[in-house]
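Taken in sequence, the protein lines are chains A and B. With UniProt numbering, the residue at position 43 of the first sequence is 43, and numbering never jumps. With UniProt numbering, the residue at position 1 of the second sequence is 1, and numbering never jumps.
Accuracy of the hints is not assured; some may be wrong.
Facing chain A, according to a computed beta carbon distance under 8 Å, are these residues of chain B, among others [unchecked claim]: (1) H56; (2) T104; (3) L124; (4) Y137.
Here are the computed distance ranges between Cβ atoms for each label pair [to be verified]: (5) B:A22 with A:N118: 24 to 34 Å; (6) A:E6 with B:A44: 34 to 44 Å; (7) B:T104 with A:A22: 39 to 49 Å; (8) A:Q116 with B:T129: 47 to 57 Å; (9) B:E37 with A:S35: 48 to 58 Å; (10) B:A144 with A:A22: 24 to 34 Å; (11) B:P11 with A:E112: 28 to 38 Å; (12) B:G101 with A:R115: 17 to 27 Å; (13) B:E112 with A:P41: 41 to 51 Å; (14) B:E117 with A:T8: 32 to 42 Å; (15) B:A22 with A:D96: 49 to 59 Å; (16) B:P53 with A:V43: 18 to 28 Å.
To be clear, the hints were calculated from the coordinates, so they are not data collected in a lab. Built from N, CA and C at the ideal position, the CB exists for glycine as well.
Below, each chain spelled out in residue letters.
2 protein chains.
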Amino acid sequence: MTENPELTIRPATEADLPAIVAMLADDPLGATRESPEDLTPYVAALKRLADDPHQHVVVAVRGERVVGTLQLTIVPGLSRKGATRSIVEGVRVHADERGSGLGTRFIEWAVERSRQENCRLVQLTSDVTRTDAHRFYERLGFTASHVGFKLQL
Amino acid sequence: MTENPELTIRPATEADLPAIVAMLADDPLGATRESPEDLTPYVAALKRLADDPHQHVVVAVRGERVVGTLQLTIVPGLSRKGATRSIVEGVRVHADERGSGLGTRFIEWAVERSRQENCRLVQLTSDVTRTDAHRFYERLGFTASHVGFKLQL
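The task is simple: from the sequences and hints, build the whole structure.
Below you can see the structure in the form of structure tokens.
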């Protein structure tokens, strides 16, 4: 891996969407949920995200190639003495990059950015079936202290 | 309960903070985390929340009395074809109101508001020790499909 171009993490742009959506779809859970053949809804969503100062959608790029994506949301709140928290969503790493340390780099980036925004807590949920991801987050210091509930509308 | 004044749900104001913080602190987990004797950090946090159009901090009021609070955050996203989701945080119901149906009213309010904002998913996390809350959310149609991880900064 030493000859690989360096990895950089930067805000996502519309030009990154084909690569981002391909990664969202290349996943046991994402395969049935995404539409890589029609990017229209993703273009609209990226505009909404870009207009929101509390949203940070980033990509990891190696050389010219988009190899990962992540969304960090900054959430002010009243509880815990008015603590702001951050929420990590939509973490995807390209299949070719698994084991390259990109997952760790990504979460470290999210934690550092959360500190810069004065967050007191970083939180995320992971599908109960993703047991490898659970071990990964625990190695990085996260505690599996909560049950995550979802209701589809 | 039929002689009780009607329950209304409305946006929280600074005047509601003493009642809100008292409820946040009147909780096995909240007791050590909150500072009801010093509202300064909560006043600052409520200003941050009021400036963010994606944040809805509400109170439930019966007669003149604040008896519940809840925070709904609207989160645009790329995954699930650019789906917007909502996150429910900081649900608290005054001890006197337990069993009054307020919890259900609150979640129904959050679901309805999420529909109005075109959310495709409502999500929340609940501490693993709050088993009564877990049954409550499942009765309301939520699925405990995820593990919730937190990292304190």
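Here is how each hint holds up against the structure:
| no. | hint | result |
| --- | --- | --- |
| 1 | H56 | violated, 12 Å |
| 2 | T104 | violated, 13 Å |
| 3 | L124 | holds, 5 Å |
| 4 | Y137 | holds, 5 Å |
| 5 | B:A22 with A:N118: 24 to 34 Å | holds, 25 Å |
| 6 | A:E6 with B:A44: 34 to 44 Å | holds, 40 Å |
| 7 | B:T104 with A:A22: 39 to 49 Å | holds, 42 Å |
| 8 | A:Q116 with B:T129: 47 to 57 Å | violated, 32 Å |
| 9 | B:E37 with A:S35: 48 to 58 Å | holds, 53 Å |
| 10 | B:A144 with A:A22: 24 to 34 Å | holds, 30 Å |
| 11 | B:P11 with A:E112: 28 to 38 Å | holds, 34 Å |
| 12 | B:G101 with A:R115: 17 to 27 Å | violated, 41 Å |
| 13 | B:E112 with A:P41: 41 to 51 Å | violated, 23 Å |
| 14 | B:E117 with A:T8: 32 to 42 Å | holds, 34 Å |
| 15 | B:A22 with A:D96: 49 to 59 Å | holds, 54 Å |
| 16 | B:P53 with A:V43: 18 to 28 Å | holds, 21 Å |
Comparing the model with each earlier hint shows violations of hints 1, 2, 8, 12 and 13; every other hint is respected.
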